[in-house]
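A.B. asks: Chain residues, written in single-letter form:
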Amino acid sequence: MIEIRFHGRGGQGVVTAARLLAEAAFLEGKHCQAFPFFGAERRGAPVVAFARIDDKSIRVRTQVYEPNHVVVLDPTVLETVNVVAGLKRGGLAVINAKKIPEELKNAKVALADATAIAVETLGVPITNTAMLGALAKATEVVSLDSVVKVIEKRFKGKLAEKNVAAAKAAHNRTVIK
Amino acid sequence: MKQVLDGNEAAATAAKLARVKVVSAYPITPQTTIVEKLAEFIANGELDAEYIKVESEHSALSACIGAAATDVRTFTATSSQGLMLMSEILFVASGLRLPIVMTNVNRSLSAPLSIWCDQQDSMAVRDSGWVQLYCENNQEILDTTLQAFRVAEELLLPVMVCFDGYILSHTAEPIEIPEQAEVDKFLPVYKFPNPLDPEKPVTMGPLGVPEYYEEFRYMLQEAMHASKEKLVEVDKEFKKRFGRYYGLIERYRSDDADVILLTMGSLSSSAKEVVDTYRKRGEKVGLVKVRSFRPFPVKELIGALGQAKAVAVLEKDISLGSAGGLFLDAAASFINVKPAPLMLNFICGLAGRDVSPLQIKEAVRAAAKAAETGKVRRAVRWLGLREKVVGLKV
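Sequence lines, in order, name chains Y and D. Counted the way this note's numbering counts, the first sequence spans residues 1 to 177. Counted the way this note's numbering counts, the second sequence spans residues 1 to 394.
Careful: at least some of the hints might be erroneous.
[As the list claims (entries may be wrong)] Under the rule of at most 20 angstroms between Cα atoms (straight-line distance), these lysine to aspartate or glutamate pairs were calculated in the EDC-like manner:
#1 K361/D - E66/Y
#2 K156/Y - D184/D
#3 K299/D - E214/D
#4 K2/D - E161/Y
#5 K153/Y - E176/D
#6 K228/D - E300/D
#7 K153/Y - E50/D
#8 K56/Y - E273/D
#9 K239/D - E273/D
#10 K153/Y - E40/D
#11 K16/D - E50/D
#12 K2/D - E28/Y
#13 K168/Y - D145/Y
#14 K299/D - D256/D
[To be verified] Partial selection, computed: residues in chain Y whose CB lies under 8 angstroms from chain D:
#15 K56
#16 I100
#17 E103
Don't read these hints as lab results, they were simulated from the structure. C-beta atoms are modelled at their ideal positions from N, C-alpha and C, and glycine is treated no differently.
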């Protein structure tokens with residue numbers, strides 16, 4: 001079973017990111033589960049969401065404590081949250097950042113400047129679809145194709161096009177350190 | 001067709017497939033997205049129903065009562081404080097024998113304020129004459145909601161379908177969505193005997209004088225008992241049509257078990273994983289899940305637990321000043337019955353606190369020790385409690 005933990009802040013699409021990842025895995029014939037953990041609900045507060053992917057049906061319903069990979073939609077959460085807590089050996093931290101943050105200098109990191117990409121493609125700094133593109137590039141968890149398909153299913157018209165563009169741009173511009 | 005849906009979407013989809021005619025509800029976390037989804041279905045023409053907006057849950061259920069009495073299939077959903085505000089009307093709905101189906105997304109009660117999951121809310125209204133069914137996963141939510149309409153309408157009892165807030169309500173997983181035509185065959189058009197009709201006036205809910213009130217309660221109790229058979233019958237028919245069966249209880253690797261975990265709701269899934277780890281080591285640990293809490297499956301539990309040495313009842317509720325509600329009823333099932341297992345109660349997972357495999361194992365170990373020594377030193381315990389509060393002056 002692959003377990004992914006998403007970090008970000010309320011309003012950035014963290015919960016949707018986990019959900020879209022699960023749906024992308026489902027498209028590839030896998031079993032999946034996606035769920036958020038909310039703190040006291042408010043925009044801007046740190047938010048965590050989880051996705052599990054497996055070849056057989058998934059029964060466990062605890063939070064994810066030892067993720068295979070983590071995805072960080074907003075690098076400012078690094079100041080207060082240890083995003084690599086429990087990260088499995090060989091696991092990757094896929095980060096929305098231009099350079100490796102001080103807090104992650106010992107971790108295996110993939111970098112995507114998702115905020116810049118989101119502003120370019122969507123016009124707003126909502127980084128979830130870009131970060132899914134980055135995750136597809138940096139890991140074998142799901143393909144970019146599946147990410148594009150679930151984005152097209154979730155969003156309509158122009159919004160779908162822009163989010164697909166964000167995912168593809170991030171896929172192109174992700175660097176594994 | 002398989003789709004990835006969260007628990008709330010599964011509940012809303014079931015209400016749509018049941019072709020409910022009236023939805024009346026008031027938003028409350030974590031239930032809100034159920035009625036939002038239904039409002040969307042109604043607004044875009046996918047569901048032909050009336051959505052009655054109200055100013056509180058008390059009014060929401062009151063509106064459902066009026067609607068159900070006029071001969072239409074009626075649905076509502078709530079959580080926590082909303083269910084508490086409805087509590088007066090819950091007894092009216094069952095007393096009037098109105099087959100309303102309600103989802104309760106389990107959430108803890110104030111104070112302290114919490115939006116997270118436990119089962120204190122529905123447990124607090126267990127005596128209200130509503131059938132209470134608890135779901136373990138999103139497929140079960142959809143299927144149980146469909147079954148609930150059949151049971152409710154055939155016995156004239158309201159049914160509450162309960163599932164855990166966030167852990168199911170906001171968790172997406174693949175589930176099978178049945179075809180509308182198949183659901184239509186399973187759920188015939190709703191027909192209420194003696195509906196409210198200006199052409200043929202009837203009185204509902206008149207004064208229950210001392211000479212008659214007790215008989216009304218007796219009949220309600222008899223209907224609750226009868227609902228056990230009805231639940232099984234409907235479940236079996238559901239299986240024929242859709243291939244899935246749940247039962248009043250589920251026995252998981254428990255037939256030869258010395259130690260059995262007794263659970264309700266989503267906790268059952270993680271606990272089954274723990275059972276598997278013990279079984280791999282050859283230890284006789286099993287699990288029994290209670291799906292129907294009201295009516296309480298006394299006979300079934302005697303059959304499922306009777307041969308065990310010790311039973312650990314894990315639950316996300318507490319009857320303050322006593323013990324957990326599931327534990328109390330499970331223990332009472334064995335009154336006048338021999339042999340009876342030793343029973344331990346573990347209160348856990350309140351207000352969304354994650355119940356980890358380690359905590360579940362702690363309960364198994366305590367029950368195994370009781371089985372070995374034949375003694376229970378403390379029947380009611382708390383799992384995962386912060387040491388700081390233990391022994392504090394309260």
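A.B. asks: For a C-alpha distance cap of 20 angstroms, please report whether K168/Y and D145/Y respect it.
C.D. replies: Given pair K168/Y, D145/Y holds - Cα atoms ~9 angstroms apart, limit 20 angstroms.
A.B. asks: Would you check the hint for K239/D and E273/D, treating anything up to 20 angstroms between C-alpha atoms as holding?
C.D. replies: This hinted pair is violated, its Cα atoms lying about 25 angstroms apart.
A.B. asks: Closer than 8 angstroms between Cβ atoms is the bar; does E103/Y clear it against chain D? Give me holds or violated.
C.D. replies: violated (25 angstroms)
A.B. asks: Against the 20 angstroms threshold, does the CA-CA distance of K153/Y and E50/D hold or violate the hint?
C.D. replies: Distance of about 29 angstroms is beyond 20 angstroms: violated.
A.B. asks: Taking 20 angstroms as the top limit, are the C-alpha atoms of K2/D and E161/Y close enough?
C.D. replies: violated (26 angstroms)
A.B. asks: Hint check: K56/Y vs E273/D, CA-CA at most 20 angstroms. Holds or violated?
C.D. replies: holds (14 angstroms)
A.B. asks: Tell me if the straight-line CA distance from K228/D to E300/D falls inside 20 angstroms.
C.D. replies: holds (10 angstroms)
A.B. asks: Would you check the hint for K156/Y and D184/D, treating anything up to 20 angstroms between C-alpha atoms as holding?
C.D. replies: violated (31 angstroms)
A.B. asks: Can the restraint linking K2/D and E28/Y be considered satisfied, given a maximum Cα separation of 20 angstroms?
C.D. replies: holds (13 angstroms)
A.B. asks: Is the straight-line distance between the alpha-carbon of K361/D and that of E66/Y 20 angstroms or less?
C.D. replies: Status holds; Cα separation ~19 angstroms.
A.B. asks: Given a cut of 8 angstroms on the nearest C-beta pair, is the interface hint for I100/Y held or broken against chain D?
C.D. replies: At about 31 angstroms, which exceeds the 8 angstroms cut-off, the nearest Cβ of chain D leaves the hint on I100/Y violated.
A.B. asks: Is the hinted pair K16/D and E50/D satisfied, with a Cα-Cα distance of at most 20 angstroms?
C.D. replies: holds (12 angstroms)
Violated hints, in rising order: 2, 3, 4, 7, 9, 15, 16, 17; the structure is consistent with all others.
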